[in-house]
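Chemist: Here is how the chains run, residue by residue.
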Amino acid sequence: MFAFAYHRPRSLADAVGLLGAHEEAKPLAGGQTLIATLKQRLAAPGDLVDLAAVPELRAIALEDGRLVVGAMARHADVAASPLVRASLPALAALAGLIGDPAVRNRGTLGGSLANNDPSADYPAACLALAATIVTNRREIAAADFFTGLFETVLEPDEIVVRVMFPLGGEGAYAKFPNPASRYAMAGVFVWRGAGGSGEELVRVAVTGAGQGGVFRWAEAEAALAADFSAAALEPLGLPAEDMIEDIHGSGAYRAHLAGVMARRAVTRMAGAG
Amino acid sequence: MQDSSFRDSSLQEDSVSKAIALTVNGSPVSTTVDVRTLLVQLLRDQLALTGTHVGCDTSQCGACTVHVDGEAVKACAVLAVQADGGEVLTIEGLARGGALHPMQDAFREHHGLQCGFCTPGMILAGMDMVRRHGHELDERTVRTELEGNICRCTGYHNIVRAIIAGARAMAAGPAVAAAE
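Top to bottom, those sequences are chains A and B.
Heads up: the first sequence at position 54 corresponds to 54 in my numbering, and the numbers run straight through without jumps.
Heads up: the second sequence at position 24 corresponds to 297 in my numbering, and the numbers run straight through without jumps.
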């Protein structure tokens, strides 16, 4: 690792102040990506601002018909939360598929979103559920939050505080994990529910596959809006040239996997409904 | 390990140290670390607790699994300063005198190891399963839960048997006397 200074502020205001005061500062959430990145010397922050001692960032609550999850809620917290399991079971299930148990005991929702790894799971849930990401400065619709590989609209001294998930409708997440890293080779979150004026809406968000990171699959959404069945997805295909190609799989393989995961998610919902 | 093997004088001058105080296997530890020190480096290199192993150093293999505040973590993916004020439990902290911890004893009884490299992490991961799922674990749960702990010798069969038996034995409470 390159040298850095370490801070553990006890309030959100202090954390924001530290990030503002040090040009090359980075927030540290659960560290399950950042520490590995530091070890590989792929990042060289001058200061790490550990958010672990900031109170109020871990709470999980129902507020105004929305599920509100604190940015420092760990994957294990979300997976086991009775509130999440009752109100958004697909989100709890997704959290239980991230990494492995020891990683889930450290990794956090806010860390995952701020990092925006193209193979991370939470970004798909945020897009499909039309979540709102609340920072110390503003509220950001998930549709506007993710801007590319490891890129978000977050400013250097902006911290994700909590995420608000609207309730209603039903959803399912199907994931094909890389056998070693457990990152998604393809993960598809399907949601079906009522839109603002009561019309039926379907959202399909794909992670792990796209070269630009998480994305909505418009053709799949249109097909499912007309006929909510796995069969409706059969004729569709994602363009292989837009998919990630690496040692773990070709673009064509990932495009195929995304289709399979989408059909699995739909089948699970149809089976439950 | 990649970090400790790297020496660069210009960076050494920049290094930042921090005093930390934590509990390791029930004993208070106060020390000063370079803030870059990983928890596993603190345990192995400074405290000589070498039962916690470094396999992959990329948080995939689980050989470095320890408990921090009662929960399993990968000590190669946690900074020592993050454990400041916390309670750390390693494989060395499980036995009581001559009596193995029930999960350790189950690994011996069911021969849940061959070379033993992954075993400390397996045992601490098994104990974390009991914390979250209780004492009656089924095979499917244990196999799923072991996704972050890799063994290259055993094919897992005896590890799974050992964890199921160890979980039940932990319900019985007192540690089982080791066969010496």
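For the record, the hints were derived by calculation from the structure and aren't laboratory data.
Do not take every clue at face value.
Where chain A lies over chain B, by a calculated footprint (3+ residues, C-beta under 8 Å) [to be verified]:
1) 291–301
2) 364–378
3) 430–442
Chain A side only, calculated, beta carbon under 8 Å to chain B, not exhaustive [claimed, not checked]:
4) 6
5) 9
6) 13
7) 50
8) 100
9) 105
10) 106
11) 180
All residues carry an ideal CB built from backbone N, CA and C; glycine is no exception.
Chemist: Please flag the earlier hints that this structure goes against, numbers listed from lowest up.
Modeler: Hints 1, 2, 3, 5 and 6 contradicted; others consistent.
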